[in-house]
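First to last, the protein sequences are chains B and L.
Residue numbers for the first sequence, in the working numbering: 1 to 230.
Residue numbers for the second sequence, in the working numbering: 1 to 230.
Keep in mind that the hints were calculated from the coordinates and are not lab data.
Check each hint, because a few of them may be wrong.
Said to hold, decoys possible - Okay, derived cross-link-like pairs now, DSS-like style, lysine-lysine, Cα gap no bigger than 27 Å in a straight line:
(1) L:Lys4 x B:Lys53
(2) B:Lys167 x B:Lys110
(3) B:Lys67 x B:Lys110
(4) B:Lys37 x B:Lys146
(5) B:Lys49 x B:Lys4
(6) L:Lys145 x L:Lys110
(7) L:Lys67 x B:Lys37
(8) L:Lys110 x B:Lys53
(9) B:Lys49 x B:Lys37
(10) L:Lys169 x L:Lys110
(11) L:Lys67 x B:Lys49
(12) B:Lys53 x L:Lys49
(13) B:Lys169 x B:Lys146
(14) L:Lys67 x B:Lys5
(15) L:Lys93 x L:Lys5
(16) B:Lys67 x L:Lys53
(17) B:Lys4 x L:Lys67
(18) L:Lys37 x B:Lys49
(19) L:Lys37 x B:Lys67
(20) B:Lys67 x L:Lys5
(21) L:Lys145 x B:Lys67
(22) L:Lys4 x B:Lys67
Claimed, not checked - Calculated from the model, a selection of chain L residues having no Cβ within reach of chain B, i.e. all distances over 10 Å:
(23) Lys4
(24) Asn60
(25) Lys61
(26) Tyr64
(27) Lys67
(28) Arg71
(29) Gly201
(30) Asp203
(31) Glu206
(32) His210
Note that this is a predicted model, so its numbers are computed, not measured.
Heads up, the beta-carbon is just placed ideally off N, CA and C, and yes, glycines get one too.
2 protein chains.
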Amino acid sequence: MTSKKTINFFYDVVSPYSWLAFEVMCRYRNVWDVEVKLRPAFLGGIMQKSGNKPPGLVPNKFLYMTKDLQRLAQYVDVPLSPPDDPFEAMFQKGSLAAMRFVTAVQEREKDGDRQVEQVSRELWRRIWSENKDITEPASLSEAAKKAGLSDSEIKEVLELCTTQHIKDKLINTTQEALDVGAFGLPMFMYRVNGNAEIFFGSDRFELMAHCIGENPVTARRDKNVRFFHT
Amino acid sequence: MTSKKTINFFYDVVSPYSWLAFEVMCRYRNVWDVEVKLRPAFLGGIMQKSGNKPPGLVPNKFLYMTKDLQRLAQYVDVPLSPPDDPFEAMFQKGSLAAMRFVTAVQEREKDGDRQVEQVSRELWRRIWSENKDITEPASLSEAAKKAGLSDSEIKEVLELCTTQHIKDKLINTTQEALDVGAFGLPMFMYRVNGNAEIFFGSDRFELMAHCIGENPVTARRDKNVRFFHT
Numbered sequence: 001m002t003s004k005k006t007i008n009f010f011y012d013v014v015s016p017y018s019w020l021a022f023e024v025m026c027r028y029r030n031v032w033d034v035e036v037k038l039r040p041a042f043l044g045g046i047m048q049k050s051g052n053k054p055p056g057l058v059p060n061k062f063l064y065m066t067k068d069l070q071r072l073a074q075y076v077d078v079p080l081s082p083p084d085d086p087f088e089a090m091f092q093k094g095s096l097a098a099m100r101f102v103t104a105v106q107e108r109e110k111d112g113d114r115q116v117e118q119v120s121r122e123l124w125r126r127i128w129s130e131n132k133d134i135t136e137p138a139s140l141s142e143a144a145k146k147a148g149l150s151d152s153e154i155k156e157v158l159e160l161c162t163t164q165h166i167k168d169k170l171i172n173t174t175q176e177a178l179d180v181g182a183f184g185l186p187m188f189m190y191r192v193n194g195n196a197e198i199f200f201g202s203d204r205f206e207l208m209a210h211c212i213g214e215n216p217v218t219a220r221r222d223k224n225v226r227f228f229h230t
Numbered sequence: 001m002t003s004k005k006t007i008n009f010f011y012d013v014v015s016p017y018s019w020l021a022f023e024v025m026c027r028y029r030n031v032w033d034v035e036v037k038l039r040p041a042f043l044g045g046i047m048q049k050s051g052n053k054p055p056g057l058v059p060n061k062f063l064y065m066t067k068d069l070q071r072l073a074q075y076v077d078v079p080l081s082p083p084d085d086p087f088e089a090m091f092q093k094g095s096l097a098a099m100r101f102v103t104a105v106q107e108r109e110k111d112g113d114r115q116v117e118q119v120s121r122e123l124w125r126r127i128w129s130e131n132k133d134i135t136e137p138a139s140l141s142e143a144a145k146k147a148g149l150s151d152s153e154i155k156e157v158l159e160l161c162t163t164q165h166i167k168d169k170l171i172n173t174t175q176e177a178l179d180v181g182a183f184g185l186p187m188f189m190y191r192v193n194g195n196a197e198i199f200f201g202s203d204r205f206e207l208m209a210h211c212i213g214e215n216p217v218t219a220r221r222d223k224n225v226r227f228f229h230t
């Protein structure tokens, strides 16, 4: 029996780079010898507590990111399209309700992480592809339904995500990300002799592959990694 | 006769990510069908005029960048090692004299860009590998000597770099970078039908290869790209 390396993937569905990283990671875990642990966190809390500022506040950076996301999305084959008002969607409406919902889905799911993966993807699709809301219970339910949850499962999740236990779980995951060095999302983390190794963003797969002893070229050349595995 | 794509590489020797990008670009231009035009610019001016803030001011980001640079440098085989006091070296001492010097080397060099490439590399080696000064004329001369310039050439360059013409040339290159969208360095830029396509940082080679029709895997697999071509 070998002990696979566990890669923790901290993400928030409000973050478009998290979506790109998520899809690529979901593909790579088929060809790398790793376990991926999905860690829904709250980007707003990470930005505030780390003292970081959203990069889009610098005009040239905002223009660049818009173009960068478009090119990357096309390259990695993710149907990303910015919301009509990214600032309203990201900063005014935000993702607290959505990430509590994802946390509750994960809490309920005992066997694997298929539901949390699919619900996360459907929420990204709403905000970062279809210009739809992710704050209202009806929006969250619709995403969960598309992700394959039954009506009774959705009802349970909606009740669960208002409990203190789920609020605390999201806070704790966010704090854990901060404690190992987060200043934004997405972030990958695995431990080597107890010490956290972190990788920020969607552009460190090649380096991460090198660091964990996987061949980045082999992984990249596998045609399966260019497509959703669902 | 084919018309090769010209990739403008805007950089400042005060920037460690510029060094990594520079070395990788210097390797890739051997295997990609492109012309690389070295464009020495002034990072301080770009940060100020774009309204951007140095990323290292956020504590978790500073710690991450230190680790990220160390891992990337090892991976791409560049002997990078931070100065004892990065803030003093980058922000108090800065790179205005150094980038005027590089600009003057480029102005003098009529045949190719071997001198400007080598002088830039030696300046990076001083600040980002050997914890040495890059602000004093003696420091600049030493770098140029290591890069293979003769004493008379160095004397000429030192005189040239105090002229208004060279000061203006550095300002103009910096302004050109801003005009096409810079908010930091390094930045790659090429034109498609007159429009500027830009790529920021040292981590967009795979995407850039895809966009210019080069095969990122073929380039990466060429063993030559892992070593200095000098």
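Now the hints, each set against the structure:
1. L:Lys4 x B:Lys53: Cα-Cα ~40 Å, so violated.
2. B:Lys167 x B:Lys110: holds, 19 Å
3. B:Lys67 x B:Lys110: violated, 39 Å
4. B:Lys37 x B:Lys146: Holds, at about 22 Å.
5. B:Lys49 x B:Lys4: Violated: B:Lys49 and B:Lys4 sit about 32 Å apart, past 27 Å.
6. L:Lys145 x L:Lys110: holds, 18 Å
7. L:Lys67 x B:Lys37: Measuring from Cα to Cα gives roughly 23 Å; hence the hint holds.
8. L:Lys110 x B:Lys53: Not OK: L:Lys110 and B:Lys53 at ~44 Å, beyond 27 Å, violated.
9. B:Lys49 x B:Lys37: holds, 23 Å
10. L:Lys169 x L:Lys110: Cα-Cα ~16 Å, so holds.
11. L:Lys67 x B:Lys49: holds, 21 Å
12. B:Lys53 x L:Lys49: holds, 18 Å
13. B:Lys169 x B:Lys146: holds, 25 Å
14. L:Lys67 x B:Lys5: Holds: L:Lys67 and B:Lys5 sit about 20 Å apart, inside 27 Å.
15. L:Lys93 x L:Lys5: Violated. L:Lys93 to L:Lys5 sits at ~36 Å, over the 27 Å cutoff.
16. B:Lys67 x L:Lys53: holds, 21 Å
17. B:Lys4 x L:Lys67: Holds, at about 24 Å.
18. L:Lys37 x B:Lys49: This hinted pair is violated, its Cα atoms lying about 42 Å apart.
19. L:Lys37 x B:Lys67: holds, 23 Å
20. B:Lys67 x L:Lys5: holds, 20 Å
21. L:Lys145 x B:Lys67: violated, 42 Å
22. L:Lys4 x B:Lys67: holds, 24 Å
23. Lys4: Label holds. Min Cβ-Cβ 21 Å, cutoff 10 Å.
24. Asn60: At about 4 Å from chain B, L:Asn60 fails to clear the 10 Å cut-off, so the statement is violated.
25. Lys61: At about 4 Å from chain B, L:Lys61 fails to clear the 10 Å cut-off, so the statement is violated.
26. Tyr64: Not fine: 6 Å to the nearest Cβ puts L:Tyr64 too close to chain B.
27. Lys67: violated, 8 Å
28. Arg71: The claim is violated: L:Arg71 sits with its nearest Cβ about 6 Å from chain B, within 10 Å.
29. Gly201: violated, 8 Å
30. Asp203: violated, 4 Å
31. Glu206: violated, 7 Å
32. His210: Violated, since 5 Å does not exceed 10 Å.
This entry does not satisfy hints 1, 3, 5, 8, 15, 18, 21, 24, 25, 26, 27, 28, 29, 30, 31 and 32, going by the numbered hints stated previously.
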